[in-house]
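Construct all of the structure, not just a fragment, from the sequences and the given hints.
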Amino acid sequence: MINSLDPRIARENINEENNIAPLTEMDNWETYEVFHQKKRGDQHVHVGIVHAPNTEMAFLFGKEQYGRRGISVNMWVVKTSNVFASDYDDSDIFDTVPEKQYREAGGYKVMSKINKYKKENNI
Amino acid sequence: MQHIKELLYKMADDLLVLGHRNSEWTGLGPILEEDIAFSSMAQDKIGHAQALFQILFELGEAEPDTNAFMREAKQFHNSQLVELPNDDYDFSTIRHFLFDHADQIRFNMLSESSFEPLAKVARKIKGEIKYHVFHADIWLVKLGNGTEESKARMQSTLNMAWNYALGIFEEGDFESPLQSENIFAGEKELQKRWLEAITPTIEKANLKIPSEADWNPVLGGRKGYHTEHLDQLVNEMSEVFRIEPNTEW
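Residue numbers (the working numbering), protein chains in the order written: chain E, 1 to 123; chain S, 124 to 372.
Treat the hints as calculated values from the structure; they're not laboratory data.
Values in this document were obtained by computation on a predicted structure and should not be read as measured data.
Hints are not guaranteed to be accurate.
As the list claims (entries may be wrong) - No more than 30 Å apart at the CA atoms, straight line, and that leaves these computed lysine-lysine pairs for DSS-like:
#1 S/K249 with E/K39
#2 S/K327 with S/K249
#3 S/K253 with E/K79
#4 S/K253 with E/K38
#5 E/K79 with S/K265
#6 S/K327 with E/K79
#7 S/K274 with E/K79
#8 E/K39 with S/K253
Stated by the list, open to error - Footprint (simulated), chain S over chain E, 3 or more residues, beta carbon under 8 Å:
#9 43–53
#10 59–65
To be verified - What follows is a set of in silico ranges between Cβ atoms, one per label pair, in the way DEER data are often shown:
#11 E/E25 with S/K274: 21 to 31 Å
#12 S/P323 with E/R8: 33 to 43 Å
#13 S/D158 with E/E99: 54 to 64 Å
#14 E/I14 with S/E239: 46 to 56 Å
#15 S/R246 with E/M1: 43 to 53 Å
#16 S/F257 with E/M111: 53 to 63 Å
#17 S/W338 with E/N3: 36 to 46 Å
#18 S/I332 with E/I14: 33 to 43 Å
#19 S/D158 with E/D92: 41 to 51 Å
#20 E/D27 with S/K253: 26 to 36 Å
#21 S/E239 with E/N19: 53 to 63 Å
The beta-carbon is built from N, C-alpha and C at its ideal position, and this holds for glycine as well.
And the structure:
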């Protein structure tokens, strides 16, 4: 018998040799992505993942894992498999060439006009 | 005041004892997320009990911690349903479902009570109890529609727990003053509303309420008659407190 200091374990009289079969892959539930909203009108923000057998239970778990401190007014849960994710091998698509000043606001020569206007109007 | 105290004691003891029982799943729950959810709800229950012990304290009873941890099992007013050992998760789930619906309706009724301190607590904890009932309903429906094993276990556990659940509604000696003073509409009314509330969910879970001919409420808990399991629970729950009752926590 397992002789534990924890009375909950001790009274279960569990054999030392415990032949519990290991989990197979299908014993694990799917993952759901959890998004919460801090206040109405805000964007929902991704806060983490829960394992669940269906969306309702994913919400139950999401609420306790991520919303129990009372900072959410709304929650979304989405099956991870329903999220399209880009490939890290393709992350170079986010690289952009540096010579693109024509697309930046700094390309507009307006500071001299603004300063002139300020001076004229004593701002 | 005796009638209000009796009402508060039975509610507080139900919540304290069930909160403690449910907390025994901490670290042993079926999966991590459910372990956290169930533990969190157990803490909520203890918190609700504390709010009621606080009102009792203001009515001249012992301090909340002393009241919770220094009484013997026979001084507890909880229904026997809540003191039974956890057994497997099917029993804990069924008990959670049967008790929490009654708890939600009781507090809803009390939110309009003429006894304002209790009405205030009822309004404050409304959201927490709503989540507890949500949680219970979703698990019941899921397991009731699961595998052959889960269906069979849920039904036999429901049959086993049913008469204990009816014991929640054991009447006390003060039903009529509580009603005439508009403090609480009474256990009979509560049981009626409870049955109406749980029936659709039990149907959705493809389970059957035991036939009325077999209803035989397990009474006595409200008057201090308990199973041997409550002794074990009270001893374990209060072990640390009793070593040094005057410690500041």
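Outcome of the hint check:
1. Distance hint between S/K249 and E/K39 is fulfilled; the C-alpha atoms sit about 20 Å from each other, no more than 30 Å.
2. Pair hint S/K327 plus S/K249 holds up; C-alpha atoms about 24 Å apart against a cutoff of 30 Å.
3. Only pairs whose Cα atoms come within 30 Å are accepted, and S/K253 paired with E/K79 is accepted, the gap being roughly 25 Å.
4. Taking the CA atoms of S/K253 and E/K38, the gap is about 20 Å. The hint holds against a cut of 30 Å.
5. For the proposed pair E/K79 and S/K265, the alpha carbon gap of about 18 Å is at most 30 Å, so the pair holds.
6. Annotation: proposed proximity of S/K327 to E/K79 holds, straight-line Cα distance about 24 Å (limit 30 Å).
7. For the given pair, S/K274 sits about 26 Å from E/K79 by alpha-carbon distance, which is consistent with the 30 Å threshold.
8. At most 30 Å may separate the alpha-carbon atoms for a hinted pair to count; E/K39 and S/K253 meet this at roughly 20 Å.
9. Coverage of a stretch by a chain is defined here by at least three residues with a beta carbon nearer than 8 Å to that chain's beta carbons; for the segment 43–53 of chain E and chain S the count is 4, and the condition holds.
10. Counting residues of the segment 59–65 of chain E whose CB lies closer than 8 Å to any CB of chain S gives 5, so the stated coverage by that chain holds, three being the minimum.
11. Look at E/E25 against S/K274: about 25 Å separates their beta carbons, and that is inside 21 to 31 Å.
12. Between S/P323 and E/R8 the beta carbon distance is about 35 Å. The supplied range of 33 to 43 Å therefore holds.
13. Range check, S/D158 to E/E99: Cβ separation about 55 Å, and the 54 to 64 Å hint holds.
14. Roughly 50 Å separates the CB atoms of E/I14 and S/E239, a value that falls within the hinted 46 to 56 Å.
15. Remark: the range hint 43 to 53 Å for S/R246 to E/M1 is upheld by a beta-carbon distance near 49 Å.
16. Evaluation of the 53 to 63 Å hint for S/F257 and E/M111 yields a pass: the beta carbon distance comes to about 58 Å.
17. About 43 Å separates the C-beta atoms of S/W338 and E/N3, a value consistent with the hinted range of 36 to 46 Å.
18. The hint said 33 to 43 Å for the Cβ distance between S/I332 and E/I14, and at roughly 35 Å that hint holds.
19. About 42 Å separates the C-beta atoms of S/D158 and E/D92, a value consistent with the hinted range of 41 to 51 Å.
20. For E/D27 paired with S/K253, a C-beta distance near 31 Å keeps the hint of 26 to 36 Å intact.
21. For S/E239 and E/N19, the hinted distance range of 53 to 63 Å is satisfied, since their beta carbons lie about 58 Å from each other.
Consistency with the previously given hints is maintained throughout, with no hint failing.
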